[in-house]
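A.B. asks: Spelled out from the first residue to the last, the chains are:
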Amino acid sequence: MVDASEYNKKCDCDWCPGCGNFSVMVALKNSLARLGIKPHESVLVSGIGCSSKTPHWMNMYGFHGIHGRALPIATGVKLANSELTVVAAGGDGDGYGIGLNHFMQSCKRNINLTYIVHNNRIYGLTTGQASPTTNKGTITRSTPFGNPEEPINPLLIAISSGATFVARGFSGNLAQLQELVKEAIAHKGFAFIDVLMPCVTFNRMNSIEWYRERVSPINSDHDFSDKEKALSLALKWNGEDGEIPTGIFYKIDNPTYSDGLPQLSSGALVKKKLDADVSDVLKEFM
Amino acid sequence: MTNLNWLIGGPAGAGIKVTGLILSKTFSRLGLNVFGYTEYPSLARGGHNNFNVHVSKNKKSIAKKLDVLIALDKNTIELHKDKMSSSGIIIYDPAKIENIEFPNIQTLPLPLKEVATECGSALAQNTVALGATMALIGIELDTLNSVIENVFSKKAKIVDVNISAAKKGYELVKEKNISLNCLTDELKEKIEPKLLISGNEAISLGAIQAGCKFYAAYPMTPASSILHFMAGKAREFDFIVKQTEDEIAAINATIGASYAGVRAMTATSGGGFCLMTEGLGLAAESETPIVIVNAMRPGPSTGMPTWTDQSDLRFVSHASQGEFLSVVIAPCDMKDCFYETMNAFNIAENYQIPVIVLTDKLLSESYGTVDELDVNRIGIDRGVIESTTSSYGGKRYLFTDTGVSPRIIPGAVDGIHVATGNEHDEYGEIDASSENRVKMQDKRYRKLESLQKIIPLPKVYGSESGEVGIICWGSTKLSALDAQEKLEKLGYNVGVVCFKYILPFPDSEDVRKILKRFNKLIMVEANYTGQFLGMFRENLLIDVDDKLLKYDGRPIYPEEIVEKVKSVLSGGENNG
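Chains A and B, in that order, give the protein sequences. The working numbering puts the first residue of the first sequence at 1, with every later residue one more than the last. The working numbering puts the first residue of the second sequence at 1001, with every later residue one more than the last.
Here chain A is said to cover these stretches of chain B; the calculated rule only asks that three of the stretch's residues, wherever they fall, bring their Cβ under 8 Å from a Cβ of chain A: (1) 1193-1203; (2) 1409-1418.
From the derived model, a few chain A residues whose C-beta atoms are all more than 12 Å from chain B: (3) Arg34; (4) Leu35; (5) Ile139; (6) Pro144; (7) Gly146; (8) Ala175; (9) Trp210; (10) Arg212; (11) Val215; (12) Lys229; (13) Leu231; (14) Ser232; (15) Leu235; (16) Asp241; (17) Asp253.
Derived, one-sided and incomplete: chain B residues facing chain A with beta-carbon distance under 10 Å: (18) Lys1025; (19) Gly1211; (20) Glu1236; (21) Thr1254; (22) Ala1260; (23) Ser1286.
No lab work stands behind these hints, which were simulated from the structure alone. A virtual CB, placed ideally from N, CA and C, is assigned to each residue, including glycine.
Build out the structure end to end from the sequences listed, making use of the hints.
C.D. replies: Here it is in structure tokens:
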């Protein structure tokens, strides 16, 4: 048994009161504990942004890397030590802007890790510029005359890129979020959760109340193994006004990247002895 | 003649490289020195490809004058005829190229394609030319045949076709009673066979032998053959090769794998290194040991993808924002590629810093002979690693006298910490206070004290003192050594001072002592601005008397160095 408090760290968290990041962190702690994963056997990899500071506020191994690159780092960690539970986290700018290619490639690779995007639809740490999920027309510090671009749909990208677990959570529904994070970590393959959340300081438009009025859990009869249904559900909300489905959109069991590597059948790379001897290979050069 | 300089040229897709390799291996098995250098444009078919095989008893590099030219098209003759030596012979197929005659060059028309077709496949026409080459020099076919058997081992029929093609080529020349008087004495001696290996193969083998368990890369000439070689050996040696979506992912995955506790490497060329620079800084700030191979080609931008030069030295030495320790090693030959890659892992892990192995197209993609590669010469030394339990309670960045902190591997009990690109305290928690910043930067730079002690001095070849010291670094050593030998025969007293470890710069006082033994110093490097010369001046506070800078994408030929030295000694114009 692991108690969620084991994941607590004494720290001075610098998030604003009311920030959605708190909910994700609590969900993550509770989920890891409920799955019986010990803090020293788990790694949280992040990029740059307010949410990417999470490794500093949690008692687990952390890698707080550079902007947009949480997934490549997490990929290296997981392939080197497949016995670790690896979670990558970051914001919408980190994952859908500068790091979008890594996100799509990670979906297609189906490496066994969890990716949580704290999607507040604004750049918070850099004090309020438009992000890839900011609505068209939104006035931000970088778009004083209104954002000229349409927002992207991360769930559509994830499903069409080959992710095997795709969900949307909401920071205002901790019970559901916890369940989603737990399922994502337990999932064998690349699990992705887009977590809608307010930015109480820089996103005045999409407040917690705004979301509360619109979110709606996906019907229990949704067949999440059906890709077409998952895609049409993902198309249901485009970032503007309207009902926002939350829950698991898509989930299938596919072989993971590591399943195709016989190198890992005898254990994690990090446990292997460094006793390579290329003498026989050298003979080929004679 | 004491050497054979042979070249086969034709359009891409004509089997030029495999033919050149077969000849190279034939001579390396006969115990001679071989340098196989290939030129090709960046395209899949057409253009002009060539493979140059320089054979001798002790030469190290390429040579200008050609003794044998196998021309598979007319273009090849146009491009190379001016390089023919006085006794040189051009072999061509009159069915493909109309009969040619030159006043001062011997030509040997042979029905290559017709003979190959008779033997079973027109594709074996190059092998007819190989058989002809053997006859010109007077070598029996057994060695060539054994190489053919190995190269085509998977297809018995192709072996038969090629062996009979070689025989036909051999007989055609014997019938005509033509011969080339070269390597006669050299071939009489019974010498042990040598290994024939490319720089990139040697780097890959060095990495595998060093226990590299994770290799991530994005394809880029001239580094791609490392990816190919590593991928082919991953299952046999139990490591993972990941072709990533770009070089950014490659270096970050490498960092992730190293953080998780395995030896990890990536390789690229200048353009890819550009994308890696932010990751390079992350490795430095998070003190994650990684090895990066950068194989240079002429830039800027796409530049000349399939050609060579040494113009990334300043870039890789100063890449990424801020200030941090890194090591730049420029292997000077195939042996170095093997041993220095192994050293790179040891240095990276002992000092928890990025180590850059800086090679170039000439070294990475050329084939050279080595007597042996000793797998036991360089052991594995991983430095301070805590993989099961941490005795420092997660102080991954513990302040120590040496500046090196215990490297705690995720999974270790009591070792929880954050690795980060932010300035941080001993636990990896963000700390931008003035006091911490100074302490942490001092800690990281404290490693320099012991690191500096393991940086070897440049090696001197030829005369230890004398009229001229030829200064070079990396692959230029090969041509410099051949030039030195030539100059010595001409009665000049010349030494070669070759730098392999460039960053941190070797102890300046000791280096100056070495350089003082020469009356004149000449810098030789393959770039426009004299990049190493700049670092040389900056670190040593002395200058050279002259310099030879080449930046046309072609290797520096020994002949060019010889001319430079002669002109400097005869008081020629100083363009330095």
